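Chains A and B are the protein sequences, given in the same order. This note's numbering puts the last residue of the first sequence at 345; the count rises by one with no breaks. This note's numbering puts the last residue of the second sequence at 1314; the count rises by one with no breaks.
In short, the hints are calculated from the structure, not lab data. No experiment lies behind these values; they were computed from the predicted model shown. It is possible that some hints are incorrect.
[Unchecked claim] Covered stretches of chain B (chain A as the covering partner; in silico rule of three or more C-beta atoms under 8 Å from a C-beta of chain A):
| hint | stretch |
| --- | --- |
| 1 | 1031 to 1042 |
| 2 | 1149 to 1159 |
[Stated by the list, open to error] Below, in silico cross-link-like pairs of lysine-lysine (BS3-like), each with a Cα-Cα straight-line distance of 27 Å or less:
| hint | chain 1 | residue 1 | chain 2 | residue 2 |
| --- | --- | --- | --- | --- |
| 3 | B | LYS1201 | A | LYS184 |
| 4 | A | LYS32 | B | LYS1201 |
| 5 | A | LYS141 | A | LYS184 |
[To be verified] Far from chain B by the CB rule (all over 12 Å, computed), these chain A residues:
| hint | residue |
| --- | --- |
| 6 | THR72 |
| 7 | ASP136 |
| 8 | GLU229 |
| 9 | ASP287 |
| 10 | PRO326 |
We treat Cβ as the ideally placed atom computed from N, Cα and C, and that holds for glycine.
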Amino acid sequence: MREESEVDDPDVLLRVAGVVKHFPIRQGIVVKHQIGSVRAVDGVSLEVRRGETLGIVGETGCGKSTLARCMTRLHPLTAGTVTFDGQDITNLTRRRLRPVRREIQMIFQDPYGSLNPRRRVGSIIGDPFAIHGLADGLERKRRVQELMELVGLNPEHYNRFPAEFSGGQRQRIGVARALALRPKLIVCDEPVSALDVSIQAQIINLLAGLQGEFGLTYVFIAHDLSVVEHVSDRVAVMYLGKVVELADAAGLYGHPRHPYSAALLSAASVPDPDLADRRERIILTGDVPSPVDPPAGCRFHPRCPKARDRCAAEEPGLVVRAADPPAHLTACHFPVEAGENLARA
Amino acid sequence: MSTTDRRPALAVGTEEPGQPVEGRSPWRLAWDRLRHDRVAVVCAVFIGLLVLVAVLAEPISMLVGYGPTQQDRTGGITTDGLPTPPSPHHLLGTDNLGRDILVRIVYGSQVSLLVGVGAAVAAVVIGVVVGLCAGYLGPAVDTVLARLMDVVLSFPFLLFAIALVTVAGPSELIEIAVIAFFSWAAVGRIVRGQTLAIREKEYVEAARSLGAGDVRIMFVDVLPNLVAPVIVYTTLLIPVSIVFEATLSYLGVGIIPPTPSWGNMISDSQNFYQVAWWFLVFPGLALVLTTLAFNLLGDSVRDALDPRTEFRGR
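Produce the complete structure using the sequences and hints provided.
Encoded structure:
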């Protein structure tokens, strides 16, 4: 059975539409009353196509991880819908959600926090089989060891505890667990930011290899732009709970249209020191405003070098601007033009 | 933490031949620490002997030649009707009715261990389940259960215990129930606090994203992380329960005479200790040593399970 939706494109695996997630701030000792809310995600619409990798970048606190948890239904939404494989999963009960959980898996940021320190690795990787009642005893052990081999772990370490592995190996355990049920979509929430740079590459290559082998679709969240550029087909840039720019990786990195994307890219490290010296960085003034009380109009306007009166009054929509290709969406009234130098603006 | 990302393919071959680097589980480490703690070993041996004595109470009494309620009218009581001091006949003397104190202490250990351990285990089981539910199942359940624990903890327990036993009629089972009823809330609070912290861990979120249900997460993911504090609390709750049992028996609402328990023996000795010190000292010593052994063992277990403790063993 398929739910009705405006555009039922079979190519779209996951669609989030107008997703809002507010965390209430409560006060009071006995009778609690709400005095405000943290607008972690405030109206995000995205599509993830089958087989692609959608990168999501942004600073700490911009709502990337919250969005990921909304996509996987770990958080209930304040508003909006999540459609997976043609099925609206926004309000599914826990029981109806169980089969969907098999299709959507998550890889977490912290390879230390995401593995239960008191359980053996074999039991952790075998968890998906146990929860969904798919394999028992020797069969489960065999499949767990297959998975361990697949992600480059020694299957003989089946009985070890997470503390006996290094950060990179632990993240491989996380990958094996996510892969166990052969999901369609894996949401990677900063899967490499807690790892050494040399090990980051190993994990990224592992993920890329598995994508090819199993036809996986990834949502890849990171704050490291170069990592996202390397793995992503399309990239969404988030700022204060909103997507400010969405484009294919080459388009975004080649010619960012939103001033925030431009500033973010100019801050990314470049491996070539000569190039790094010649390049001018766009220094933003001020701090990221509080998501409890975001600025009116364009959320970026208090820090934007190009801000004008209109930016404070009117919120820009995420649409194709001027001569951009149809897949390049920007939420800005005055997007950055080719050759424009924001650093001196 | 760990430093290098060993290539998995090499991991087996690179270990030194003949002396494989064996990974030790957290439990194994704690066990090794405990084994090398002299105080813990002495206490464990004492407790082991006590259990043996309790189990072998009947053979021991046959060996001594007197039953626990048997009155030795010839050699166990003076002509003035007073207890006789320790002698080859009665190694620890007799009480005011001419009963052998050694045999009575041996039988009393059955009561103390049964009620003490039984009540502690019952309290821990209730406390863990209630604490897990309060901590994991969200604010509504938490409010109800946390208030319930507050209410139980605010009871003047001795008063209520006496009243309850009086109403229900004294028996070992009632005694266990009463002691457990007044002990579980403290365990529940500790477990609740820990659960509140653990439920925010990423591995709990990972389990939820895999589709695990609440019960599974509570018992498979949260509980193993609570085992250490629960074990420590259980070993410390046992001596408390033993003393509690002795108190109830002393007050005459626990074990009914003539069945011996350390509490009612101490109570009986009250009018005689000035002329018969052995009547008070030996049951008291049994109680003190047992409590001390459990308490010291509990402390050692806590040290052993604490990952910050340095391993000083060989």
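For the pair supplied as a hint, B/LYS1201 and A/LYS184, confirm whether the alpha-carbon distance does not exceed 27 Å. Holds, at roughly 25 Å.
Assertion that A/ASP287 lies outside the chain B interface [Cβ separation over 12 Å]: A/ASP287 is indeed farther than 12 Å from all Cβ atoms of chain B, at 26 Å.
With a Cβ-Cβ cutoff of 8 Å, does the stretch 1149 to 1159 of chain B contain at least three residues near chain A? Since three or more residues must qualify, the claim that chain A covers the stretch 1149 to 1159 of chain B is violated, with 0 doing so at under 8 Å.
In terms of Cβ atoms, is chain B entirely out of 12 Å range of A/PRO326? It holds; A/PRO326 is separated from chain B by about 34 Å at its closest Cβ, greater than 12 Å.
Would the non-interface assignment of A/GLU229 survive a Cβ cutoff of 12 Å against chain B? 24 Å, holds
Measure nothing beyond the straight line between the CA atoms of A/LYS32 and B/LYS1201; if it is 27 Å or shorter, mark the hint as holding. Holds. A/LYS32 to B/LYS1201 sits at ~25 Å (cutoff 27 Å).
Does A/THR72 clear chain B by more than 12 Å, comparing its Cβ with all Cβ atoms of that chain? The claim is violated: A/THR72 sits with its nearest Cβ about 6 Å from chain B, within 12 Å.
Just to make sure I understand the rule, a stretch counts as covered if three or more of its residues have a C-beta closer than 8 Å to a C-beta of the chain. Does the stretch 1031 to 1042 of chain B meet that for chain A? violated (count 0)
When you check the alpha-carbon spacing of A/LYS141 and A/LYS184, does it fall within 27 Å? 23 Å, holds
Confirm or reject the statement that A/ASP136 sits farther than 12 Å, beta carbon to beta carbon, from all of chain B. 15 Å, holds
Against the hints set out earlier in the document, violations occur for numbers 1, 2 and 6.
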